[in-house]
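> Listed below, chain by chain, are the residues.
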Amino acid sequence: QKEVEQNSGPLSVPEGAIASLNCTYSDRGSQSFFWYRQYSGKSPELIMSIYSNGDKEDGRFTAQLNKASQYVSLLIRDSQPSDSATYLCATRMDSSYKLIFGSGTRLLVRP
Amino acid sequence: EPEVTQTPSHQVTQMGQEVILRCVPISNHLYFYWYRQILGQKVEFLVSFYNNEISEKSEIFDDQFSVERPDGSNFTLKIRSTKLEDSAMYFCASSEYPTETNEKLFFGSGTQLSVL
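For the record, the sequence lines run as chains A and B.
Following this note's numbering, the numbering of the first sequence begins with 1 at its first residue and continues without gaps.
Following this note's numbering, the numbering of the second sequence begins with 1 at its first residue and continues without gaps.
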């Protein structure tokens, strides 16, 4: 069974702090990794994708991938109250187009 | 930015009834998907559709489910005989041919299905 695991949270950080969100996956065949943001009652919105080991930065967001440890993380710098949402980690295997989602980590950014 | 459109936003139906959820994917996209999310649970893959046929489906997508692209623009999900456990938010999504530099799934705003 292919699983993506996330701590459900909530992760509470003060405004301006760094929020660190983590995800592990079970299937070593996973090739593509994604972080989606989902506001309550809304659809998922892609924030970052990452394919190679190491870091990938986009604005305030940094995704980190370690395939040996089967671990993906998302750092949000200078967190804002508008970042308060559920962050979904997702993976895709090379042989498939479907995304496998984790259950999400709820982030609360306190003003 | 172009968007995926879903109708209706809410659908209430009686158990055993048929429902059709409708989606208009982004016009130049080639891959179409249905996902669902039961309240408080994970987003779950149902089916992917490419070149007018199902390319992949999950265990959830049994004989009660079907998809169709009837006219080159709409993409529909039909549930033949709804069950209480079909109550969920159903998301349509579309993408261009996924490559490492172009792998973005665009989700519609969802149809909240309530089966009574």
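Since the hints were made in silico from the structure, they are not lab data.
Any given hint could turn out to be false.
To be verified - One side of the interface only, derived from the structure: several residues of chain A facing chain B at Cβ under 7 Å:
1) 39
2) 43
3) 44
4) 46
5) 52
6) 98
7) 101
8) 103
Claimed, not checked - Just a sample of chain A residues kept apart from chain B, beta carbon distances all over 10 Å, derived:
9) 11
10) 27
11) 32
12) 45
13) 53
14) 57
15) 61
16) 75
17) 80
18) 84
19) 90
20) 97
21) 99
22) 104
No residue lacks a Cβ here, since even glycine has one placed at the ideal position from N, Cα and C.
> Does each hint hold? Answer for all of them.
Now the hints, each set against the structure:
Annotation: interface hint on residue 39 of chain A violated; nearest CB of chain B at approximately 11 Å, more than 7 Å. Given the 7 Å rule on beta carbons, the hint for residue 43 of chain A holds: about 4 Å separates it from the nearest Cβ of chain B. Against a cut-off of 7 Å between C-beta atoms, the interface hint on residue 44 of chain A holds, since the closest Cβ of chain B lies about 5 Å away. Checking residue 46 of chain A against chain B by beta carbon gives a least distance of about 5 Å; that is within 7 Å, so the hint holds.
About 9 Å separates the beta-carbon of residue 52 of chain A from the nearest beta-carbon of chain B, more than 7 Å, and the hint is not met. Evaluation of the residue 98 of chain A hint against chain B yields a held restraint, the C-beta minimum of about 4 Å falling below 7 Å. Checking residue 101 of chain A against chain B: minimum C-beta separation of about 4 Å stays under 7 Å; hint holds. Evaluation of the residue 103 of chain A hint against chain B yields a held restraint, the C-beta minimum of about 5 Å falling below 7 Å.
Here residue 11 of chain A stays apart from chain B, with its beta-carbon at least about 17 Å from theirs, past the 10 Å limit. For residue 27 of chain A, the non-interface assignment is confirmed: its Cβ lies about 14 Å from the closest Cβ of chain B, beyond the 10 Å cut-off. The beta carbon of residue 32 of chain A sits about 6 Å from the closest Cβ of chain B, which is not more than 10 Å, so the claim that it is off the interface is violated. Non-interface call for residue 45 of chain A relative to chain B: violated, since the shortest CB-CB distance, roughly 7 Å, does not exceed 10 Å.
Against the 10 Å criterion, residue 53 of chain A stays outside the reach of chain B, whose nearest CB is about 14 Å from its own CB. Once the 10 Å rule is applied to beta carbons, residue 57 of chain A is consistent with being away from chain B; the minimum gap is 16 Å. Distance check for residue 61 of chain A against chain B: the nearest CB is about 15 Å away, which clears 10 Å, and the non-interface claim stands. Residue-level check passed: residue 75 of chain A sits 21 Å from the nearest beta carbon of chain B, beyond 10 Å.
Distance to chain B confirms residue 80 of chain A as a non-interface residue, since its nearest Cβ pair spans about 21 Å, more than 10 Å. No Cβ of chain B approaches the Cβ of residue 84 of chain A within 10 Å, the least distance being about 18 Å, so the stated non-interface status holds. With 10 Å as the threshold on Cβ separation, the claim that residue 90 of chain A sits away from chain B is violated: the shortest Cβ distance comes to roughly 8 Å. Not every CB of chain B lies more than 10 Å from the CB of residue 97 of chain A, the least distance being 5 Å, so the non-interface label is violated.
Taking the minimum C-beta to C-beta distance to chain B, about 6 Å, the non-interface status of residue 99 of chain A is violated against the 10 Å cut. For residue 104 of chain A, the condition that its CB be more than 10 Å from all CB atoms of chain B is violated, with the nearest at approximately 7 Å.
Checked against the numbered hints above, the structure breaks hints 1, 5, 11, 12, 19, 20, 21 and 22 and satisfies the rest.
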